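2 protein chains.
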Amino acid sequence: MSHTQPWFVQVNLPKWFESYLPSYLGIPLDDAHAMDLAIALSAKNIQHHTGGPFGAVITNSHGFLVAAAVNLVTSSGQSWTHAEMLALTLAQIHTGCLDLRKAPLAPLSLYSSAEPCAMCLGAVPWSGIARVVIGAREEDILVAGFDEGDKPALGLASLHRWGIVVNADVQRQAAAAVLADYARQGGAVYQPPPLREQGCE
Amino acid sequence: MSHTQPWFVQVNLPKWFESYLPSYLGIPLDDAHAMDLAIALSAKNIQHHTGGPFGAVITNSHGFLVAAAVNLVTSSGQSWTHAEMLALTLAQIHTGCLDLRKAPLAPLSLYSSAEPCAMCLGAVPWSGIARVVIGAREEDILVAGFDEGDKPALGLASLHRWGIVVNADVQRQAAAAVLADYARQGGAVYQPPPLREQGCE
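Residue numbers (the working numbering), protein chains in the order written: chain A, 314 to 514; chain B, 314 to 514.
By construction, these hints were calculated from the structure, which means they are not laboratory data.
Nothing here was measured: the structure is a model prediction, and the numbers come from that model.
Note that the Cβ used here is the ideal one computed from N, Cα and C, for glycine as well.
Hints are not guaranteed to be accurate.
Label-pair ranges, simulated between beta-carbon atoms [said to hold, decoys possible]:
#1 B:S332 - A:R497: 47 to 55 Å
#2 B:D344 - A:L508: 21 to 29 Å
#3 A:G409 - B:N480: 38 to 46 Å
Residues on chain B that point at chain A, a partial pick, calculated with CB under 7 Å [unchecked claim]:
#4 F321
#5 Q405
#6 L411
Construct the entire structure; sequences and hints are all you get.
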């Protein structure tokens with residue numbers, strides 16, 4: 314570290330993202346449509362080589378888009394930039410509410426094209442999001458070679474402690490198909506592997 | 314969400330931070346000194362009202378500073394900006410390595426003034442950090458009113474799956490004292506509370 318190194322973090326959503334999203338503005342999205350968008354974003358992200366095969370969308374209680382994001386780990390060089398983390402953060406920026414329970418037209422819902430990893434699951438209660446809707450399951454993610462990390466014993470149900478509602482298997486087949494495609498194309502798994510895969514355990 | 318809302322995330326470390334850090338550059342820090350710095354940052358963060366009572370430091374194998382950060386949740390309005398998350402991200406930015414195992418003078422160590430919450434614990438394996446050193450324990454954090462979230466059954470030992478070494482109780486008393494001070498001063502607890510504290514469970 315030197316005196317000239319930056320003391321700020323910046324992450325830009327990709328250029329294709331800004332031109333893709335506007336057609337979804339001002340249209341109320343139901344669960345299936347919001348998930349379709351999250352899945353479409355995950356597929357676009359692969360096509361554009363801008364990150365891993367994951368997308369996330371946040372809507373308000375009227376179904377209007379509040380934020381959306383894709384996984385940017387490889388393009389940003391920052392391992393926290395999972396789709397869910399960025400979508401929650403953009404929702405806080407767009408609404409001006411640290412606690413999304415206080416956002417206009419709350420409660421807000423997070424749509425994730427795939428089950429959140431341990432980090433993202435841990436981040437959810439701190440955001441004030443009220444509902445988490447999931448496409449692909451952990452076993453579908455494993456097909457693409459990604460480790461989900463070590464989650465609490467209760468898994469997704471751990472969110473109930475904060476009154477957060479969880480809906481799984483929404484458009485699961487379409488979400489899982491994107492992950493299977495990624496695997497077939499030999500898509501990069503950019504995580505440091507656990508020891509057993511390093512041949513040390 | 315409108316057409317004019319930003320599609321990027323930015324987090325700036327506070328102004329006081331940049332003037333405080335340079336005296337630590339170019340001096341090799343042992344475990345006690347690196348933790349002293351993380352704790353000093355946590356205390357400074359309270360004094361300056363720039364966030365919660367948490368600091369984090371990252372050093373390389375020679376003990377030189379690679380990155381440092383404080384909790385910026387209240388000042389950034391972004392709930393992911395815990396000290397550990399920002400320190401890991403700044404280390405990736407400063408070294409240019411998404412996988413910190415490949416950083417110059419790796420392996421790298423993370424010093425956290427207090428035990429990482431569920432989100433930060435989940436983030437650690439994705440960063441490539443090799444070692445996590447902890448000051449205050451979860452019970453010291455509870456004194457200040459903060460919930461740590463739901464962690465895996467193995468707790469910190471879950472990191473062993475990635476070969477990550479954990480050292481706890483380094484300067485614990487000094488770290489816990491900062492948290493106790495924060496509680497005495499009536500420092501803000503900015504997390505959405507679990508249901509039982511909302512009187513609904």
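Hints and how they fare:
no.: 1; hint: B:S332 - A:R497: 47 to 55 Å; result: holds, 52 Å
no.: 2; hint: B:D344 - A:L508: 21 to 29 Å; result: holds, 23 Å
no.: 3; hint: A:G409 - B:N480: 38 to 46 Å; result: holds, 40 Å
no.: 4; hint: F321; result: holds, 4 Å
no.: 5; hint: Q405; result: holds, 5 Å
no.: 6; hint: L411; result: holds, 5 Å
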